[in-house]
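Engineer: All chains should be built: construct the whole structure from the sequences, respecting the hints.
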Amino acid sequence: MKNKLLGKTFLVLEEIAASTSPLSLKLLSARLKMHPSTLSRITGDLVEAAYLRKTSYHDFEPALGLIYLGQRATLNCYFPKKVNKLVRAHCQGTKIKGALAGVFKGCLVYLYISDSDHADRAGMPFVNQPHTSNIALTVLGVRHGKKEALKILRESLLRNVPKLPLRDNLRFYSERLDALAEKGYSLWDGKSYWNVCHPISWQGDIFGLSLFCGSDGQLSKEQLVRESSRLAERIREFLLNKTPA
Numbered sequence: 002m003k004n005k006l007l008g009k010t011f012l013v014l015e016e017i018a019a020s021t022s023p024l025s026l027k028l029l030s031a032r033l034k035m036h037p038s039t040l041s042r043i044t045g046d047l048v049e050a051a052y053l054r055k056t057s058y059h060d061f062e063p064a065l066g067l068i069y070l071g072q073r074a075t076l077n078c079y080f081p082k083k084v085n086k087l088v089r090a091h092c093q094g095t096k097i098k099g100a101l102a103g104v105f106k107g108c109l110v111y112l113y114i115s116d117s118d119h120a121d122r123a124g125m126p127f128v129n130q131p132h133t134s135n136i137a138l139t140v141l142g143v144r145h146g147k148k149e150a151l152k153i154l155r156e157s158l159l160r161n162v163p164k165l166p167l168r169d170n171l172r173f174y175s176e177r178l179d180a181l182a183e184k185g186y187s188l189w190d191g192k193s194y195w196n197v198c199h200p201i202s203w204q205g206d207i208f209g210l211s212l213f214c215g216s217d218g219q220l221s222k223e224q225l226v227r228e229s230s231r232l233a234e235r236i237r238e239f240l241l242n243k244t245p246a
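Just so you know, the sequence shown maps onto residues 2 to 246 in the numbering used here.
The set of hints was computed from the structure by calculation and includes no laboratory data. Treat each hint with caution, since some may be false.
[To be verified] List of simulated lysine-lysine pairs, BS3-like, C-alpha gap at most 30 Å:
no., residue 1, residue 2
1, K184, K152
2, K148, K222
3, K147, K184
Structural biologist: So this is what it looks like as structure tokens:
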């Protein structure tokens with residue numbers, strides 16, 4: 002009974018944390034298929050523990066306790082601190098933007114990002130669909146393999162941009178996944194934007210290290226690939242030495 006209640010509590014936390022606006026008990030009940038009385042008990046306990054706060058009598062949003070929990074975990078526990086320092090130092094030294102992220106339930110979760118537009122998202126889910134992200138493509142391709150990655154990308158396309166030509170887009174992603182398997186990195190080669198992402202393995206999961214810049218003469222594609230490869234190797238070497246024998 003306790004395990005079932007704990008599982009339901011996590012579902013409530015995840016649903017409220019992922020929402021861009023407060024959620025009511027009625028809406029939570031419809032989304033999670035839980036009885037209102039169960040939800041009332043769970044949300045009451047979470048409010049008392051300062052993980053949720055009431056915005057009205059039946060509406061809830063994340064409280065400071067939940068935000069603090071996520072920030073502390075990101076800053077102190079998940080990746081060794083030096084990894085973020087390595088990425089930050091490389092980005093500052095080369096004037097190239099960079100990011101380190103994982104994928105959880107279809108959302109990017111940044112452990113580091115230098116882009117000033119998204120700097121406040123570090124450690125928080127960034128609502129970015131898999132088909133729009135080079136990091137997501139890299140993580141999915143390495144974690145699941147080409148067939149399953151294409152399935153996830155297909156679902157993302159159908160859900161978000163159903164009017165786009167599906168066959169052409171899947172061919173595009175298929176070619177990029179093939180290149181990832183062959184070269185060990187994924188290159189997003191846009192008309193005005195380049196993004197190189199390398200997979201980083203840590204404690205049984207896959208993350209994406211991405212360096213990106215505009216194709217306006219700051220760097221050539223080849224230089225961006227070299228810089229990203231150099232940083233990826235430094236991080237892998239560091240993590241290898243941190244992994245218990």
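Engineer: Honestly, which of those hints from before does the structure not fit?
Structural biologist: none
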